[in-house]
Amino acid sequence: MLFLNYKIGAEKEELLSVLRDNNLVVEEEKFDTRRGKPRMHIKEKGNTIKIKCELTERATKDNGFLEGTYFLGKISEKCGTTRLFGVILTAPIYHFLFLLLFGFFIYQCIAVGGISPIPIILVVFDGFMFYDEFRKQGLIKRYIFRAFKITYRNKHK
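Residues 1267 to 1423, numbered by my numbering, are exactly what the sequence shown covers, in order.
A hint or two may mislead.
Straight line, CA to CA, 30 Å or less: simulated DSBU-like cross-link-like pairs of lysine-lysine [unchecked claim]: (1) Lys1296 - Lys1423; (2) Lys1344 - Lys1407; (3) Lys1318 - Lys1303; (4) Lys1415 - Lys1273; (5) Lys1316 - Lys1273; (6) Lys1421 - Lys1318; (7) Lys1273 - Lys1303; (8) Lys1296 - Lys1407; (9) Lys1421 - Lys1273; (10) Lys1296 - Lys1318; (11) Lys1311 - Lys1340; (12) Lys1278 - Lys1296; (13) Lys1296 - Lys1316.
Hints in this document: simulated from the structure, not taken from any laboratory. Just so it is clear, the structure is predicted and the values come from calculations on it, not from any experiment.
Using the sequences and the hints, build the whole thing.
Now the structure itself:
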């Protein structure tokens, strides 16, 4: 989980227009394209904004396992200053179930009085299986930061 809280001296619509323009933001940023080119899908509902990351142009399809990685936050404007705050989550349904299972195994290890390699194996499996999903957290953060930078640059031309 990554928490974001950004402010800019621009109107909400200016920032949203840059956020919606995926090609503008992605083309100006240098991404490691060997694992795919990031494509952001933006959904707005009132002041709530959801930005979902998908890696395209790669050998295998990016399925975004159980909701994938996304930014969920609020955007607000007050006195000409726009504020975007929220959290970047990775497969929250899966990780909730994973934490319950991990907690159960730890409880069993304590209750039985033995040490089991299963919790360690689960953690290693989680890291290998979701490496690309965890990598997307940084991609979304860079995308949002770059959008703020472009909006600032356009505002002060």
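Tested hints:
1. Distance restraint check for Lys1296 and Lys1423: the Cα-Cα separation of roughly 23 Å lies within the 30 Å cut-off, and the hinted pair is therefore satisfied.
2. Distance check on the hinted pair: Lys1344 and Lys1407 sit about 23 Å apart at the alpha-carbon level, within 30 Å; holds.
3. At most 30 Å may separate the alpha-carbon atoms for a hinted pair to count; Lys1318 and Lys1303 meet this at roughly 14 Å.
4. Distance restraint check for Lys1415 and Lys1273: the Cα-Cα separation of roughly 11 Å lies within the 30 Å cut-off, and the hinted pair is therefore satisfied.
5. About 17 Å separates the Cα atoms of Lys1316 and Lys1273, which keeps this hinted pair within 30 Å; it holds.
6. Taken as a hint, the Lys1421 and Lys1318 pair is honoured in the structure, with Cα atoms around 26 Å apart against an allowance of 30 Å.
7. For the hint pairing Lys1273 with Lys1303, the CA-to-CA distance comes to about 27 Å; that is within 30 Å, so the pair holds.
8. Taking the CA atoms of Lys1296 and Lys1407, the gap is near 14 Å; set against the 30 Å cutoff, the hint holds.
9. Taking the CA atoms of Lys1421 and Lys1273, the gap is near 14 Å; set against the 30 Å cutoff, the hint holds.
10. Distance restraint check for Lys1296 and Lys1318: the Cα-Cα separation of roughly 19 Å lies within the 30 Å cut-off, and the hinted pair is therefore satisfied.
11. A distance of roughly 10 Å separates the Cα atoms of Lys1311 and Lys1340; the hinted pair therefore holds under the 30 Å criterion.
12. Between Lys1278 and Lys1296 the alpha-carbon distance is near 26 Å, which keeps this suggested pair within the 30 Å criterion.
13. Of the supplied pair hints, the one linking Lys1296 and Lys1316 holds, its CA atoms being roughly 23 Å apart against a limit of 30 Å.
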